[in-house]
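Chain S is fixed; fit chain U onto it per the hints.
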Amino acid sequence: MSGANASPSGRSHQEMSGANASPSGRSHQAISSQPDQIVFTNVSKYYGEVLGVNKINLKIGPGITSLVGPNGSGKTTLMNLMTGLIKSTRGDIEVLGARTDDPESFYSRIGYCPQFDTFPKGFTGFGLLSSLLKLHGYSRREAEETAWRAIEQVHMTDAAHRRVAGYSKGMRQRIKLALAIAHQPRVLVLDEPLNGLDPMARAESIGLFQKLAESGLFVIVSSHVLHEIDIISDAVVMMSNGYIVAEGDIQDVREEMAEHPMEILVRCDQPALLARRAFSENHVVEVRIEEDGTGVLVRTRNLDQLYMLINRVVLEEGLTIEGVIPVDEDVHSVYSYLIGSDGAIKL
Amino acid sequence: MSKVLKQTIAVVGFELRKFSAGRKWVFPVLLAAGPVSLVSMLLLFDSNPPNNGDITEIFAVMFQTFILRLVIMFGCALVFSNLYRGDMVTRTIHFYLLTPTRREVLVAGKYLSGLLITATLYGATVAITNIVIHSANGRAIAEAHFYNGPGMIELFSYVGIAVLACIGYGSVFMLTGFLFKNPAIPAVFVLLWESANVFLPSALKKISVVHYLQSITPVPIPFGPFAVITAPASVSASVGGLAVFTVVALVVNTLLMRKAEISYSSD
Chain S
1 MSGANASPSG RSHQEMSGAN ASPSGRSHQA ISSQPDQIVF TNVSKYYGEV LGVNKINLKI
61 GPGITSLVGP NGSGKTTLMN LMTGLIKSTR GDIEVLGART DDPESFYSRI GYCPQFDTFP
121 KGFTGFGLLS SLLKLHGYSR REAEETAWRA IEQVHMTDAA HRRVAGYSKG MRQRIKLALA
181 IAHQPRVLVL DEPLNGLDPM ARAESIGLFQ KLAESGLFVI VSSHVLHEID IISDAVVMMS
241 NGYIVAEGDI QDVREEMAEH PMEILVRCDQ PALLARRAFS ENHVVEVRIE EDGTGVLVRT
301 RNLDQLYMLI NRVVLEEGLT IEGVIPVDED VHSVYSYLIG SDGAIKL
Chain U
1001 MSKVLKQTIA VVGFELRKFS AGRKWVFPVL LAAGPVSLVS MLLLFDSNPP NNGDITEIFA
1061 VMFQTFILRL VIMFGCALVF SNLYRGDMVT RTIHFYLLTP TRREVLVAGK YLSGLLITAT
1121 LYGATVAITN IVIHSANGRA IAEAHFYNGP GMIELFSYVG IAVLACIGYG SVFMLTGFLF
1181 KNPAIPAVFV LLWESANVFL PSALKKISVV HYLQSITPVP IPFGPFAVIT APASVSASVG
1241 GLAVFTVVAL VVNTLLMRKA EISYSSD
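For the protein sequence lines, the chains are S and U, in the order given.
Here the first sequence is numbered in the working numbering, starting from 1 and rising by one per residue.
Here the second sequence is numbered in the working numbering, starting from 1001 and rising by one per residue.
One thing to keep in mind: the hints can contain errors.
Keeping only pairs whose Cα atoms sit at most 25 Å apart, straight-line, the calculated DMTMM-like set for lysine to aspartate or glutamate is [stated by the list, open to error]: (1) U:Lys1006 - S:Glu144; (2) U:Lys1181 - U:Glu1104; (3) U:Lys1006 - S:Glu145; (4) U:Lys1259 - S:Glu94; (5) U:Lys1006 - S:Glu104; (6) S:Lys59 - S:Asp92; (7) S:Lys211 - S:Glu263; (8) S:Lys59 - U:Glu1261; (9) U:Lys1181 - S:Asp117; (10) U:Lys1259 - S:Asp102; (11) U:Lys1006 - S:Asp102; (12) S:Lys121 - U:Glu1261; (13) S:Lys59 - S:Asp117; (14) U:Lys1259 - S:Glu104; (15) U:Lys1003 - S:Glu142; (16) S:Lys87 - S:Glu192; (17) U:Lys1205 - U:Glu1057; (18) U:Lys1003 - S:Asp102; (19) U:Lys1181 - U:Glu1194; (20) S:Lys211 - S:Glu192; (21) U:Lys1259 - S:Glu49; (22) S:Lys87 - U:Glu1104.
If you want the ones that stay clear, here's a sample from chain S, every Cβ over 10 Å from chain U, calculated [claimed, not checked]: (23) Lys134; (24) Leu208; (25) Glu286; (26) Pro326.
To be clear, the hints were calculated from the coordinates, so they are not data collected in a lab.
Glycine included, each C-beta is placed from N, C-alpha and C at the ideal position.
In isolation and in its complexed conformation, chain S is listed as follows (with noise of 0.2 Å):
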């Protein structure tokens, strides 16, 4: 996944953002059709006066991206423009080359998990499954196998004979998610697909997710859990306030996030020689002992240093190492850094 402006793969938004009011802004290239990845070009949604998402350029590849951030970020907002469900103010959206003008080729290939728990009364799970089939043109007996293969996959074959209105909240997550995979699209979409499911179907459904993106497909997954979207993802998108503040691979994002020092835990037999060496370098900010006394958290600018460092030290004095840990390189990390705990973009 790359920023739809001229900045590379894994950027902090907010160290993009110029003169423009938008975190995420930037005067961006226009992006051409692209049949291979979902492209958002200056994308705006506003609900009346209220505001979905602002001004969205942002491209999305193969693998599992995330999309994190607070209640009312603009999360559900992205990925009903993306599947068609609400009609962007401007900006133009499209996936895999398709438009949501072009239903049948545009449906085909995108298969979405919404956050809406209804359903049709009446049907049972394996009901409601072979019915919306057969609307993509599939004749019943390619349907009833086709949604079949479907609820296998989610593990649901004991309940696909019972009514959705009787199933729990996880059953009813469950085949949603079988609705999204059935007709096996390209471009998967869910939000906040793990709600509501017990620890093992959360396991299996990761597995699943997981299963799919090695198989090629655009997974792309909205949760609030972030030490899941932390396994699983392969590029994160963090909004808040209807924009995009970071996007990219997690790693690359922290690293690009200079006002904040990395914070690295160093674990080896002499924390003391390493905390005294540290301290004299100019781009670490901080160095503390830790309370056990077998290793030192370093807080630097500039992380390729330290690793130079502490090679050097090795060499010098013979440190022996027992592992070097980024401690705040992940999704909630960078979240907090980012956004905080009260949804606020942290200029």
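Quick look at chain U alone, frame taken from chain S:
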């Protein structure tokens, strides 16, 4: 079978299943049962029924005032308004919008399902009511009316007009279902407009469904001294007028469906 046809049939099937599975069928069926019940009650308690000629006129009045303007119109309002608005209210329209189906196919399928429901219900109502009311003087007179008299032609004409009414009102109410959040408001307006039709000047009469249907009823009825009398339209003009009216309404429906977006979620 072409993909479009398969998809249209699938939409019809999906809608029929939703109609029968929920409670949406209750009021349309109760409305359909109204004329049959009314006539059956009258016959049950009337020991001295009118003669066959009067019965034909009584049915004509009942058809044009009660069945056409009230039962069929409100039945169509209930069924067709819900085809789109009902899905918005139950937050299920996205199931349709996420399928690779052309929007005109969705509109056509939904419309056909509504037509199948209403034409079956109200066509049957008209036929049964007509047969029951003409049985008032015994089976022999009824058989003579239907097999040797004008009864059979009248019966088919009334059923045909009921179906045409479903076609016309269906397109109107499907459109109002798109345009109005509360379908009761346009339903009352259409009821008033259609009821006032006999008092409207000729040009305005033509902007109504009942005008075309009235013109082709087999037995005309008087509408009182204040009615504005205009030349009835021919059968071909009536059917053609209704067809054009319906096609225009469905085209507008399709355009609206293409622009349709879900509005039941807040981010």
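Verification of the hints:
no. : hint                  : in the structure
1   : U:Lys1006 - S:Glu144  : 15 Å, holds
2   : U:Lys1181 - U:Glu1104 : 21 Å, holds
3   : U:Lys1006 - S:Glu145  : 17 Å, holds
4   : U:Lys1259 - S:Glu94   : 17 Å, holds
5   : U:Lys1006 - S:Glu104  : 14 Å, holds
6   : S:Lys59 - S:Asp92     : 12 Å, holds
7   : S:Lys211 - S:Glu263   : 32 Å, violated
8   : S:Lys59 - U:Glu1261   : 23 Å, holds
9   : U:Lys1181 - S:Asp117  : 22 Å, holds
10  : U:Lys1259 - S:Asp102  : 12 Å, holds
11  : U:Lys1006 - S:Asp102  : 19 Å, holds
12  : S:Lys121 - U:Glu1261  : 21 Å, holds
13  : S:Lys59 - S:Asp117    : 29 Å, violated
14  : U:Lys1259 - S:Glu104  : 15 Å, holds
15  : U:Lys1003 - S:Glu142  : 13 Å, holds
16  : S:Lys87 - S:Glu192    : 21 Å, holds
17  : U:Lys1205 - U:Glu1057 : 24 Å, holds
18  : U:Lys1003 - S:Asp102  : 16 Å, holds
19  : U:Lys1181 - U:Glu1194 : 22 Å, holds
20  : S:Lys211 - S:Glu192   : 18 Å, holds
21  : U:Lys1259 - S:Glu49   : 20 Å, holds
22  : S:Lys87 - U:Glu1104   : 18 Å, holds
23  : Lys134                : 4 Å, violated
24  : Leu208                : 19 Å, holds
25  : Glu286                : 39 Å, holds
26  : Pro326                : 33 Å, holds
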